[in-house]
Amino acid sequence: MANGPRLTLAIHEKRYPNLAQPVLEGLEFQIAPGSVVALVGPSGIGKSTLLRLIAGIDRAFDGSIRIDGQPAAEAPPPGLVFQDSRLLPWLSAIDNLLAVKPALGRDAAIGWLDRVGLEGFGDALPDQLSGGMQRRVALARALAVNPKFLLLDEPFVSLDRRLVGEIQKLFAELIAAENSTAILVTHIVEDAAALADRALVLAGRPARVVADLPLRTPPAARGPLEIARFSEMLAQKLNESAT
Amino acid sequence: MALHFANRLFPTPVDVAGHIWVLATTSALVPDFAKTLGRAVIAFIASMVIGMAIGIVLGRVRWLDRLFAGWVVVGLNLPSIVVAIVLYIWLGLTEFALILAVMCNKVPLVVTTIREGVKNLSADYDELARAFRMPLARRLRLIYVPQLMPFVLAASRTGLSLIWKIVLVFEVLGSDGGVGFRINTFFQFFDMEGIASYTVVFIAVVLILEYGLMRPLEKRVLGWRTARA
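Just so you know, the sequences run in chain order A and B. Just so we're aligned, residue 4 is where the first sequence starts under this note's numbering, counting upward by one. Just so we're aligned, residue 3 is where the second sequence starts under this note's numbering, counting upward by one.
The hints are simulated quantities; they were obtained by calculation from the structure and are not laboratory data. For each residue, glycine too, the CB sits at the ideal point set by N, CA and C. Please note that a few of the clues may not be correct.
[What the hints assert, rightly or not] With a cut-off of at most 20 Å between alpha-carbon atoms, the simulated SDA-like pairs for lysine to any residue come out as follows: (1) A:K104 <-> B:A139; (2) B:K221 <-> B:R143; (3) B:K221 <-> A:A127; (4) A:K104 <-> B:Y127; (5) A:K104 <-> B:Y146; (6) B:K221 <-> A:D126; (7) A:K104 <-> B:R143; (8) A:K172 <-> A:V212; (9) A:K104 <-> B:E129; (10) A:K172 <-> A:L121; (11) B:K221 <-> A:L94; (12) B:K221 <-> A:S95; (13) B:K221 <-> A:K104; (14) A:K104 <-> B:R135; (15) A:K104 <-> B:D126; (16) B:K221 <-> A:Q131.
[As the list claims (entries may be wrong)] Here are a few chain A residues that sit away from chain B, every Cβ distance over 10 Å (derived from the structure): (17) P45; (18) G114; (19) L166; (20) Q171; (21) G207; (22) P221; (23) L241; (24) S244.
Produce the entire structure from the sequences given, and follow the hints as far as they go.
Shown next as structure tokens:
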């Protein structure tokens, strides 16, 4: 099965008009096809801003982001999972998938919902679903749009830890099954340690990459001990960059 | 009251019901209501279309909103009777003048409501649409219109009730027929039975519109909100 796309990123500067200082500066890295990279850093550092640039939502920056050689804003849409699920409350779960990709068809939409464990909930409105189920619909929507290139913005925030474990497992399985290239934005080091095979630590103002840490064992084969060790290493890097 | 004050000024419900039947079968009740309803519908549709267009523009374009905000306030507070009299003087006692006068009173209300709706459109859903590269037509249908519908329905509901009342007042002021014109005629003769009959039918029509049109429409369009409750 084909891998997800390659991402090449060189951001000289990203600034907001109302802020004196740039948010991001001098960022340069590549992401290999089929790899899962965690962007780790404290809250407010600019991780979500970076993800919005990669998703092609925000085009106002100095630099270039290419996805398989194409500018990010012109590349096929990524499978984006927002921090807050962001489902359209007036549409059923199935229609939320069809809203972003009508060509998918009802049967395929049901198929994606089944894959994330939502059999029989296709006609439910988002407000009739629990927080965890809504997150699953958001994941199904992202996969339906582009299973090869996933962007996950703090997808486990505000979920209880038992549910996090469950959804992380699902993420890991689906990403592995699709050979997706995925970028996970998180400030929780344990989430990065559980899912990613490489972590980029962002720190400073303006934010830069201060550490690039690979993790050799595939997520599925990673035990709790290894996750804990990698989490500790990431936390240490974050603390060092904060001081 | 009719039981305690046996008087032609206080007709009993039975008398009123009988009079409605007589008016409906032998007099101008049906044509009068058709005329008033026709005027109200034309004024309502025109006001909604124009008000929504202006409201959307003012909600989206900040400098235009700043430029015209004062005018909208003037429009909201201009006494409706003044507008009607001025338009009757300028345009004569015509159908067009009456409908235009009603629109002048209603459009600012629609503009205000829709403008607030547009200002309240979620930036998050806009971002979602951009992230998934949704084309404009689909964004309109699936993202903007559903968010604006509560405001459109609110403007419709207040609009209907307001337009009904204004049309009647303007018909009293100068018209060749319609409910307001007829009530004015009854007034000249102190015909309480006639006034009560037209009022009862008027209320019945309003209730039919509310329960036969507005409520089902609201349920259909905003049904998803009950899932939140």
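Evaluation of the provided hints:
no., hint, in the structure
1, A:K104 <-> B:A139, "14 Å, holds"
2, B:K221 <-> B:R143, "18 Å, holds"
3, B:K221 <-> A:A127, "17 Å, holds"
4, A:K104 <-> B:Y127, "15 Å, holds"
5, A:K104 <-> B:Y146, "17 Å, holds"
6, B:K221 <-> A:D126, "18 Å, holds"
7, A:K104 <-> B:R143, "14 Å, holds"
8, A:K172 <-> A:V212, "27 Å, violated"
9, A:K104 <-> B:E129, "16 Å, holds"
10, A:K172 <-> A:L121, "15 Å, holds"
11, B:K221 <-> A:L94, "15 Å, holds"
12, B:K221 <-> A:S95, "16 Å, holds"
13, B:K221 <-> A:K104, "27 Å, violated"
14, A:K104 <-> B:R135, "10 Å, holds"
15, A:K104 <-> B:D126, "18 Å, holds"
16, B:K221 <-> A:Q131, "17 Å, holds"
17, P45, "23 Å, holds"
18, G114, "19 Å, holds"
19, L166, "21 Å, holds"
20, Q171, "23 Å, holds"
21, G207, "26 Å, holds"
22, P221, "28 Å, holds"
23, L241, "27 Å, holds"
24, S244, "29 Å, holds"
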